[in-house]
Each structure stands twice: as C-alpha cells, then as structure tokens.
Amino acid sequence: MKKFWIVVAVLLLAAANATSADLYKVTASSPLDHQRVAALGGEPVVRLLDGYLVLIEPSSSANLVESGLEFRLVANNIERADLALDNRKDRANASKYRLLFEESGLRLYDVDRLIIASQAETGVPDLRPLPESSVSLRVEETTLRAEEMLAEVAIAGAPLDSLIGLISQDSLQANLLTLQAFGTRVAGTAPNITSRNWIRDKLISYGYTSVVYDSFTASVSGGTKMCYNVLATQTGTVHPNHFVIVGAHRDAVTGSPGADDNGSGTIAVLEIARVLKNIPTELTMIYALYDAEEYGLYGSAHHAAELNARGDSLVYMLNMDMIAHFQNTADANLYHGSNTEFSSLWITLADSLVGITGHLAGSSSGSDHYPYSQYGYPVTFAAEYIFSTVYHSVRDSSSYMNFPYMTKLVKGCLATGYTVAQTAGPRPSLAMELSSAAPIMVQPDGSTSFNVTITSAYDGTVVPGSARLHYALDGAAFVDVPLTLVGGNVYTAVFPELTCGSDLQYYLSVDEVVSGTFSFPDLAHPYQAVVGTSMTVAFEDNFETNKGWTVTGNAVDGQWSRGVPVGLGERGDPRYDYDGSGSCFLTDNVYGNSDVDDGTTYLISPTLDLSAGNAQVSYAVWFSNNFGAAPYEDVFKVWISEDNGSVWNQADAVGPVTDAGGGWYVRTFWVGDWVTPSSQVRLRFEAADLGSGSVVEAAVDAIAVRRFDCAPPSCCTGATGNVNLSALDNPDLSDLAMLISYLTLTERPELPCADEANVNQIGPLTPDLSDLSLMIAYLTQTPRPELPACP
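Numbers given in our numbering equal positions in the sequence shown, counted from 1, plus 298.
Careful: at least some of the hints might be erroneous.
With a straight-line Cα cutoff of 27 Å, these simulated DSSO-like cross-link-like pairs (lysine-lysine) come out [stated by the list, open to error]:
1) K323 - K394
2) K387 - K523
3) K935 - K845
4) K387 - K323
No wet-lab data here; the hints were simulated from the structure. These numbers were taken from a predicted model, which means no experiment stands behind them.
The whole structure should be built from the sequences, with the hints applied where relevant.
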C-alpha cells in the first residue's frame, strides 16, 4: 500500500490554563486541507469521517475564513475540560447531558468537569473525558480498492469458503460458556485475572509462542488498577513489519456476565486466531484482547498510543464488540473511519460467503477501534445490527445470544482480516540511484550522460522500455527521452543537444508493472542544472570552516550559528547537514529549542567579487514552519546586494506553505536577474519568527556561486599552425601559403579553424602578422621555436 502521511503534533491545553473557545466542525477532504487545519491556530479534539472538531479561540476565528476550508459553528464558549465522549454504545446519555455533536455512534457532550470526574469514582462512567493524547492529522494518498483485494486473494490466498469452514459454532459456544463461568470480568478483579490467564493459555494451546501481557494502569471505580491486554502475534511471511490487528475487549461491567458485551468479541478473536495459526499471511497478525474498555477504552488507547509513538505500520484494525444478540439473524453494522474500503470488503465477503448484509454505519466512539481511528489508521467496528436489549445488565448471558448468527459474523471477520493480511501489504516499488552526483552543468552538444541503477523493492518489476529522462529548458514544458539499458539493472541517461545558456530542470521516471510510475526525485523538486561548455567556481562554502559570515538581527533567541546539528528532528529541525560534510548554518543549535523566537536573524556572506560576468547562486535550504501554534505565516528569504550591503534586493523565498515542512532542497537564482554583477556582491539569508507561537527552524548549507560559459569548442588538432587542417599534425609550407593568402589577398580564403591559424595563441583568434612571423621562424630556423598548444 502506497501511503502519504501528514502527521501534525497538536499541543494540548493544560487544564490549569484552560480558556474558553468556540467549537467548529471543519471539513478536510485532501492532504492540503489537513495542512490548513493544522494552520488554523486551534486544537483539533476529535477526528471525524470528513474532518475534525476543532476548538478555536475567538481571536483566531478569522483564520477559518481565510483558510478556504468548509466549516460550521457547533458551540460557543466551550472549555476543553468540560468536553466528554459517550462511554455507552446506546443513546441513553443523549437525554441526560448536553449533546453538542453527533455523527452516527459518535457523541460529544458538554458536561461540567466535576461531574465527569465524579463518574469515574462510582463505577462504570456514562461519559469519558477527551483523551490527553494528541490528534494526528494523518492522510492516505492511495489505498487498495475492495475489488482489487478480492482479485488478489483469489489468486494468492487460501480459498475463502474452505477457510471460513474451519470456524466452529461448537467451539465458539463452548468457549463462551467457559468465559462466562469465570464471573463478572471487571477490570482489576479476580475473575478478570483468571479469565486473562485462561485466554493466554488458549492462545498458547493453539501454538502461539509470542503471547504477552501488555500492562497499563486504569481508573476503575475510583481507584487505580493494574490492567492487562493479552496480545498474540503471528509474524507475516512477506511484510513482517506491517500489521493487521483483530481485537476485542475482554472485560465486562459490574454485575453482568458480559456474554454479548463482550464475551462474543473475545471468543471470536480466539476462534480466528485458532483457525489462522497454521495459515500463513503476508502481513503480521496481532490478536488483541483489551482490558478496561468499559471504563474508557483504556487498553486499546494504551496500545494505539504505543504503536503510533513507535511509528509502526498498522494497515488495518478490525474490532468486534457485541456480535451475538439473539434478535439478529442476517444484518450487521460496520462502523468505520474516513477509509471505508476495508469495511466495504467486509460487506462484500459476508454477503457472498455467509448471507449477512452489512451496513456502513458511520463513525462510533464507543469501542476499541476508536483510539486507532483518532491516529488516522483504517478501522472497522463490526457489531450486531439490532442492539442488545440486555446491555450492561445481569441478563447479558448466553441465554440471550444467537450462536448461528454469531458464527456467520465471525466467518465474515475471518475472511476480511485474512484477505487484508494477504493482499494489503506495501505495493511493489522501484528505486533509482545515480552512479555519481547529478550533473549541475550539461554540455550543449549532447555529450553529457550519466548512469543510473534501478533497484526493486517489494518485488517491483520494471516495465520494459519505460525508464525515461525528463528535461525542461527555461521553465518550458518537460520533454522526455528514453534511458538505455546497458546491462543488468544499469541504465544510461543521455541529454540531447540543448541551447547553451539555458536553465535546465530534469528528473527520471520508470514504470512498475503493478504500482505504476515512480519519479526520481519527486516532481516538486527536480534536479537543477545549466547548459554550458565550462564552469568556474567563484565562491563555495560547506561551512566546515569560518569563511567570514556574519550574523545580525533582533531575534530574542535562535540566531544563526555554525555547527553540526544537535537536534533530533523533533521540532522540524534538521538532524544532519545537507552534503554530509558535518556542519551547516542553522537557527540556534540547541537540542529541543533550535528555533527562532520573536524576531529576525540574518546570515550575511563575505564580500564576493562577481564582476567578471553573470553567475548563478545555489544553496541547500531547510525551512520548517508547521509546528507550534498558528498562524504559520513566516517566510524564509534570500537577499542579494551589489554594493556591499547598502541596498538589498530579495532574490528568493521559501514558504509560508511551499517547502515549509522541513527537508533539504536545493534552490538557485542568477545574480544578474536581481543586481548588476560587481566586485561588492553579498548574500543574506533571513529567518524570522513573527507569528504568535509558531516554531521556525531554518538551515543553509552547500553555498556555491558558479559562472557558466558558452564558448564554442576548440577545433584544434594539437599544436597550433596546422592552418589548412591537413593530415599532417605539424605545420608545413602548404599551411604557410594559406596563412599568407589569408593576410594578403583581398578575397581571403576561408580558414578551416581560426584557433589553429592563431599560431602564437596571443590576442584575438583572427590571425595577424605576429602569427605569420612565428610560422616562418618555425619553418626556417634551427632549432625550431616551440609552438604553443591549442586549448
């Protein structure tokens, strides 16, 4: 699966400093929309199917209008600490508390924080406060369609009808009765611990060698309890670092046998784990039995936060909760996040295999899929269609369960989880590596070439003949030419004849049989070059030594400094320099605080003599301005002066949106486009933090000022004097005769090569009497004078 992720850390408001804000629903339908949400200056508190609920202070509300996002006001004058999510799966709370927002099974209330806190002291709470963890703005670029997964599993997977036939209703019923017999499984109680051990032993008996207790603490009936998820892992055969979770909560409420809620989901996970133990899957399967769900999704929230913090690749989370109420026969609800493909897959499989009609039911905050959905992971919450009439009561026992119906739902979940784990891994891909640095100067005569190696990742296969070089001159449209396969996986890229003096952009592309086209580098940052015959370096600095740069500005903190980056990239700062030499110039260089604060800092070059002609400036820049509080309006600027800094002209800018998310990029501009080339040229790099609380991180490296010439190539064959370019390398009388004719006749003969006829290589290329004198001396004197070599 090819994915593009945008992950934005949202700083939470401390309760002690809580302030009132307005609550908006903000729609986000594209990666750019999610970036705009991050720039609003508010706090996203809940992720929705098509956007977010965002708290925004009235002073920042104008940002909504300017953002271009679709939004609507939900409520005024709200404090974060008074917001609570429904901790029940039914709508019983909707008539008891102030309901601010409802989307399918997701309900957000405005309730005094003291009431919310008191509920946690007296048993299973009706409501749970908003999580303290951050909301991630995570976006998928592409995903497999349900029909694609079905086609792939039909080719490469086990037959689904045979696979689901291994699900045993007798096994489900027997295990449910055993689990129910342990007594009420309230988190932290003896029946809970006893059932935990039984679940572990069951998984071990199925052959799982990686079964662990994942411990955490939870607030249960006014006390802090040690609680335990039970996790079993079956390593994937192809993509072991990409995961599918099949999960359910194993705890119950006080006084209830917890049969349907959620013995049904617990036993379903065990049964799927039993069946798949000896069935290989390409992705790693994690079977998760969560604790303390009834008190606020503690177990799943703990596991999701750990997984997200590690940066693990979770492809899919399938949750089962209440799947066996006796009034159900042939329908099921499928709650989901913004990605519905996996839930649609469930609907297709369950209908075709077991005759269950699935219904996309929207979002829900009432079960263990929810914490994963808030991190942006694809989720499905499979649930019974007709809600239990014995929910959270002493009657929630096996007597009110429909085991044939439950068996069908478990089969649908098995088929879905297996299909995803067998087909939804990383797509085949290709990578390109240049044999040397990308050319920064290309000869106009078509002689410049370089080699590139195309390698496979995840069994990627090159479409024959698809590797191409794309180039564009002076901002025109890109034109492409094929690469030549020279052996193995090595290709040669050859530039055609080009107009000398042109600015050149270029990139490479290749098609993969399954995944389509890959471009190197990405299309937003193609390689930069100039078409020319020769290059002279007027100035170059990789900042490993002090070459006379000065730092000025009024920033309170974060002034430019030279050194090896010490940050770890946690705040958008660079973790390393651009060219690998070690040092660069960056704003401040302090771990955890290497940003500009409250003002501007300037990095000014030494004086450069660029009077010999036009030159191109290139530099590598790092600029990040999407962390901290909005507005994210700061811009990195580059200035140039022709008079030693008396007057500055802006030559380049980065941000406030483009390339403002960190990463090293090379930028170029021509000196003559902004100033008259002189002996008093200086460069100035400006980083500023003028917003209220945004984090501005900047760095520069690999500064180079180069002149590119377009002199025609020499036509010399060796030493000068071979005027008529005869077969002989050395001058003879025929060369002397042509030179005399050229200098004496009114109608001069055309010289084959003026470079050769300029015998003494002095002055202009046109021959004169001094050249004739040297030619005569060469042919008559002993020893002969030495003729200068032709360039």
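For each hint, the structure was consulted:
1. K323 - K394: The hint holds at about 23 Å.
2. K387 - K523: holds (24 Å)
3. K935 - K845: Holds, at about 21 Å.
4. K387 - K323: holds (22 Å)
Of the hints listed earlier, there is not a single one the structure fails to meet.
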